[in-house]
Amino acid sequence: MLRKVIGNIKRNFQINFVYPSRFKGSHIESYIPSNLSLGEEIIIEENISMSAKIKSIGNGTYIGCRSVIGNCESIGNYCSISKDVKIGMSNHPLDLVSTSPRFYLKKYGKVSEDLYNHDKIKPTIIQDDVLISSNVVILENLTIGRGAVIAAGAVVTENVEPYSIVGGVPARHIKFRFDKEKIERLMSLDYGNDQEIMNFK
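With numbering that gives the first Met the number 0 applied, the sequence shown covers 0 to 200.
Treat the hints as calculated values from the structure; they're not laboratory data. Only a predicted model underlies this, so the values are computations on that prediction, with no experimental measurement involved. It is possible that some hints are incorrect.
What the hints assert, rightly or not - Derived DSS-like pairs (lysine-lysine); straight-line CA-CA distance at most 30 angstroms: (1) 119 with 82; (2) 105 with 85; (3) 52 with 105; (4) 121 with 106; (5) 82 with 54; (6) 82 with 174; (7) 121 with 54; (8) 119 with 85; (9) 52 with 23; (10) 82 with 109; (11) 85 with 23; (12) 109 with 119; (13) 82 with 105; (14) 54 with 105; (15) 85 with 121; (16) 23 with 54; (17) 119 with 54; (18) 23 with 82; (19) 109 with 52; (20) 105 with 121; (21) 54 with 109; (22) 119 with 106; (23) 121 with 109; (24) 106 with 82.
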C-alpha cells in the first residue's frame, strides 16, 4: 500500500512539475518511460500506459487518453492516435498444448523451461503521419507505413502500406489516399522539416 502511494506521488510530481519544464511546448498528462526520446509539441493525454520498449515519439504527435503502447519501438512525426488505441499487442502461441502462459512459461512452475520466448518478437513501428482512429488494436511485429489511415475499431494483424486506408476485423486495405505518383513524391518528404511539408503541392 505504501509503495503504491509513493509511486503515485512520484508519478504526479513528474507529470505536474518535471515534464512541463523538460518538454516545453508539449502537453503530457501520463507517466512516460525515462528512456523515451520525445520530439517537440507532443500531446500525450491522461491514463496512457507505455512499456519501456518504446524508444521515440516524433514531433507533433498526439496520443489520446486510455491508449496502451506495448511492444512498439517508435511512433513517427505528426501521428494522430485517438483514444482507447492499443499498439504492439502480443499474441499467445497457438501451436502448444495450451494458450495459457502457465503451460509454456517456466516461472509458473508447471514446465521446466520456457517453451515460448516473447522477447524474440520484434516490436511494431508506426511511421510518420499515421492516423489511428479510436478503439483500434495493432499487433506486435508490424510496420504501419507513412500516411496510413486505420478506421475505428479495426484489428490490424498485417503490415499496412504507406498511404493505405484500412478497416475491419481483421483490417483489410480499402483504398489508397492518393495516386501512385503523388505517394512517391510524399515518400520523399522530410517529415522532420515543417516548411517542406507546408510547401508540398
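Take the C-alpha atoms of residue 105 and residue 121, compute the straight-line distance between them, and say whether it is at most 30 angstroms.
Holds - the C-alpha atoms of residue 121 and residue 105 are around 22 angstroms apart, at most 30 angstroms.
Compare the distance between the alpha carbons of residue 23 and residue 82 with 30 angstroms, and conclude whether the hinted pair is satisfied.
holds (23 angstroms)
For the pair we were handed, residue 52 and residue 23, check the Cα-Cα distance against 30 angstroms.
This hinted pair holds, its Cα atoms lying about 24 angstroms apart.
Given the hint that residue 109 pairs with residue 119, does the C-alpha gap stay at or below 30 angstroms?
holds (22 angstroms)
Straight-line Cα separation of residue 109 and residue 52 no greater than 30 angstroms?
holds (28 angstroms)
Would you check the hint for residue 82 and residue 54, treating anything up to 30 angstroms between C-alpha atoms as holding?
holds (21 angstroms)
Quickly compare the C-alpha distance for residue 119 and residue 85 to 30 angstroms and report which way the hint goes.
The hint holds at about 20 angstroms.
Check whether the Cα positions of residue 82 and residue 105 lie no farther apart than 30 angstroms.
violated (36 angstroms)
Quickly compare the C-alpha distance for residue 54 and residue 105 to 30 angstroms and report which way the hint goes.
holds (29 angstroms)
Are the Cα positions of residue 121 and residue 109 separated by 30 angstroms at most?
Satisfied, since the Cα-Cα distance of roughly 27 angstroms is no more than 30 angstroms.
Given the proposed pairing of residue 121 with residue 54, does the C-alpha separation stay at or below 30 angstroms?
Holds. Residue 121 to residue 54 sits at ~13 angstroms (cutoff 30 angstroms).
Are residue 105 and residue 85 close enough, with their CA atoms no more than 30 angstroms apart?
holds (27 angstroms)
Consistency with the previously given hints fails for numbers 10, 13, 21, 24, ordered from lowest to highest.
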